[in-house]
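Number of protein chains: 4
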Amino acid sequence: MTVTPPDPDYRTRCRDSFARQTVMSTIGATLTHLEPGASKIEMPFSAAFTQQHGFLHAGTIATALDSACGYAALTVMEADAAILTIEFKVNLLSPGKGERFIFRGKVVKPGRTILIADGQAFAISNGAEKLIATMTATMMSIRDRPDLKG
Amino acid sequence: MTVTPPDPDYRTRCRDSFARQTVMSTIGATLTHLEPGASKIEMPFSAAFTQQHGFLHAGTIATALDSACGYAALTVMEADAAILTIEFKVNLLSPGKGERFIFRGKVVKPGRTILIADGQAFAISNGAEKLIATMTATMMSIRDRPDLKG
Amino acid sequence: MTVTPPDPDYRTRCRDSFARQTVMSTIGATLTHLEPGASKIEMPFSAAFTQQHGFLHAGTIATALDSACGYAALTVMEADAAILTIEFKVNLLSPGKGERFIFRGKVVKPGRTILIADGQAFAISNGAEKLIATMTATMMSIRDRPDLKG
Amino acid sequence: MTVTPPDPDYRTRCRDSFARQTVMSTIGATLTHLEPGASKIEMPFSAAFTQQHGFLHAGTIATALDSACGYAALTVMEADAAILTIEFKVNLLSPGKGERFIFRGKVVKPGRTILIADGQAFAISNGAEKLIATMTATMMSIRDRPDLKG
Chain W
1 MTVTPPDPDY
11 RTRCRDSFAR
21 QTVMSTIGAT
31 LTHLEPGASK
41 IEMPFSAAFT
51 QQHGFLHAGT
61 IATALDSACG
71 YAALTVMEAD
81 AAILTIEFKV
91 NLLSPGKGER
101 FIFRGKVVKP
111 GRTILIADGQ
121 AFAISNGAEK
131 LIATMTATMM
141 SIRDRPDLKG
Chain Z
1 MTVTPPDPDY
11 RTRCRDSFAR
21 QTVMSTIGAT
31 LTHLEPGASK
41 IEMPFSAAFT
51 QQHGFLHAGT
61 IATALDSACG
71 YAALTVMEAD
81 AAILTIEFKV
91 NLLSPGKGER
101 FIFRGKVVKP
111 GRTILIADGQ
121 AFAISNGAEK
131 LIATMTATMM
141 SIRDRPDLKG
Chain U
1 MTVTPPDPDY
11 RTRCRDSFAR
21 QTVMSTIGAT
31 LTHLEPGASK
41 IEMPFSAAFT
51 QQHGFLHAGT
61 IATALDSACG
71 YAALTVMEAD
81 AAILTIEFKV
91 NLLSPGKGER
101 FIFRGKVVKP
111 GRTILIADGQ
121 AFAISNGAEK
131 LIATMTATMM
141 SIRDRPDLKG
Chain D
1 MTVTPPDPDY
11 RTRCRDSFAR
21 QTVMSTIGAT
31 LTHLEPGASK
41 IEMPFSAAFT
51 QQHGFLHAGT
61 IATALDSACG
71 YAALTVMEAD
81 AAILTIEFKV
91 NLLSPGKGER
101 FIFRGKVVKP
111 GRTILIADGQ
121 AFAISNGAEK
131 LIATMTATMM
141 SIRDRPDLKG
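As you go down the protein sequences, you meet chains W, Z, U and D in turn.
Position 126 of the first sequence, counted from 1, bears residue number 126 in my numbering, the numbering being contiguous throughout.
Position 56 of the second sequence, counted from 1, bears residue number 56 in my numbering, the numbering being contiguous throughout.
Position 47 of the third sequence, counted from 1, bears residue number 47 in my numbering, the numbering being contiguous throughout.
Position 92 of the fourth sequence, counted from 1, bears residue number 92 in my numbering, the numbering being contiguous throughout.
Isolated chain W, as found in the complex (with noise of 0.2 Å):
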């Protein structure tokens, strides 16, 4: 997809949306890129969001994607427009192990009121990264809503 951001300004706006996440800095997270349609998240391993395994937690490997496919949301809209998670849906294929973690998410379907989004999840470990997970999320688009920036 390549689409011409109609927010010029639209990596300002995203960092400092995701500076306001406050999950992301309790996580370890760092948005790394931003392009037209894309992000990327990067966080190292951390022992305080693992399962009984010691694996990263599902859910936390969620939490990382949903922002990226977020943020690839919104670097396509207006600047006045909020993204809203509608659903997402996650697929763990081999376990939260490894040194640190990559999560893109990349716009798959823009709209004006609703934008499909997919993300992945990368574990790298030794240098070698090894696909982990994949989400596709539903995302809403809100104007009008001083109260909901971002």
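Incorrect hints may have been included.
The list treats identical chains as one, so a pair stands whether inside a single copy or across any two.
Straight-line alpha carbon distances no greater than 25 Å define the calculated BS3-like cross-link-like pairs of lysine-lysine that follow [stated by the list, open to error]:
(1) K130 <-> K106
(2) K40 <-> K109
(3) K109 <-> K97
(4) K97 <-> K130
(5) K40 <-> K97
Hints in this document: simulated from the structure, not taken from any laboratory.
Fit chains Z, U and D to the supplied structure of chain W, relying on the hints for placement.
Quick look at chains Z, U and D alone, frame taken from chain W:
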């Protein structure tokens, strides 16, 4: 679904596993109820796990719902079986706004290899309970893997 | 969910729309019940809609479930609104084996723009009803589109 | 994904199974391409499988996508293994409007027991191909069940 748990000691086994899910204590969640095929997890609102508008992040809701579904499934497993989530889908019905949250998991379809569980997330505000999200999760049981207990 | 349908004539509107869904008559499905927020569709087993083992194909089950969810949603819409499915997820619990099938749709969360509905598919064999599949569907209401009625 | 099919005769096996899926001939679908981990199904528009606005019904799209994902999975299975769909999720991006439709299935994650496949549905109008729906499907392989072949 009424099922006689094959492991009479299922409560201890579920609580021990929950105690090893570090992410649960990190988000402040406790396992407050277990019965054959069902579980309940509760957590107070916590600003550390919010999105950009100050509501509980969808991924945090998914984290607690996934564990609620997983422990509902674990109640009906034999003592030597572990449960892994293959996939889940979350619908976000209302913002994660409230003083505390309740997450209920329930087995819809037991099975030797594949189990389906449903989850419901409720926000509590001024004593009123509001359904804010639903999950459908597909779980797989793993046996003969001493490294993967619970 | 108890909702007073905004259109008192909702039954006629749903039945007219169902009659225009050619696929419903093709698979032999009939709309046998409507109430605010809920619908029921029934169909006999039909060898023309089976998979390689002679069971009802998952896609045929999804077809009837999607319409059951859609008409459940349409019961609570204003007379000028149409319903489109944005996405659905189906879990297949047991083979589509039976003499006939019942599909129930129920609105879980009404809304002006987005509605969530759940569906359940049952196979009937020798008078016994067995849950064979579940659906969660996200629907969007469309207004002011005279070309898209119902 | 590049995988050497464990059954060198996978094409014959997939085509035989497809020929037994009566619903495929009922909707006019043909299996037009197979390669390790991927499949393509095509069908012409057919008024018999439409919803109330005259577009291909979402369930018919799901039917062809599920088979496309299933045969993509079957290409990489041993000769004695059958494939069953556990669950799928479909996002409907655009109306099912076109002269004919193409459905592509692709294995995202192979596995001995669980396989994940993605599907894409395209509508063809005046030679132009438009993505109208996506699927993510979770498949399970079944062995030692002579009654369930393919």
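Quick rundown of the hints versus the structure:
no.: 1; hint: K130 <-> K106; result: both (18 Å within a copy, 18 Å between copies)
no.: 2; hint: K40 <-> K109; result: both (18 Å within a copy, 22 Å between copies)
no.: 3; hint: K109 <-> K97; result: between (31 Å within a copy, 17 Å between copies)
no.: 4; hint: K97 <-> K130; result: within (10 Å within a copy, 35 Å between copies)
no.: 5; hint: K40 <-> K97; result: within (19 Å within a copy, 27 Å between copies)
This entry satisfies every hint, going by the numbered hints stated previously.
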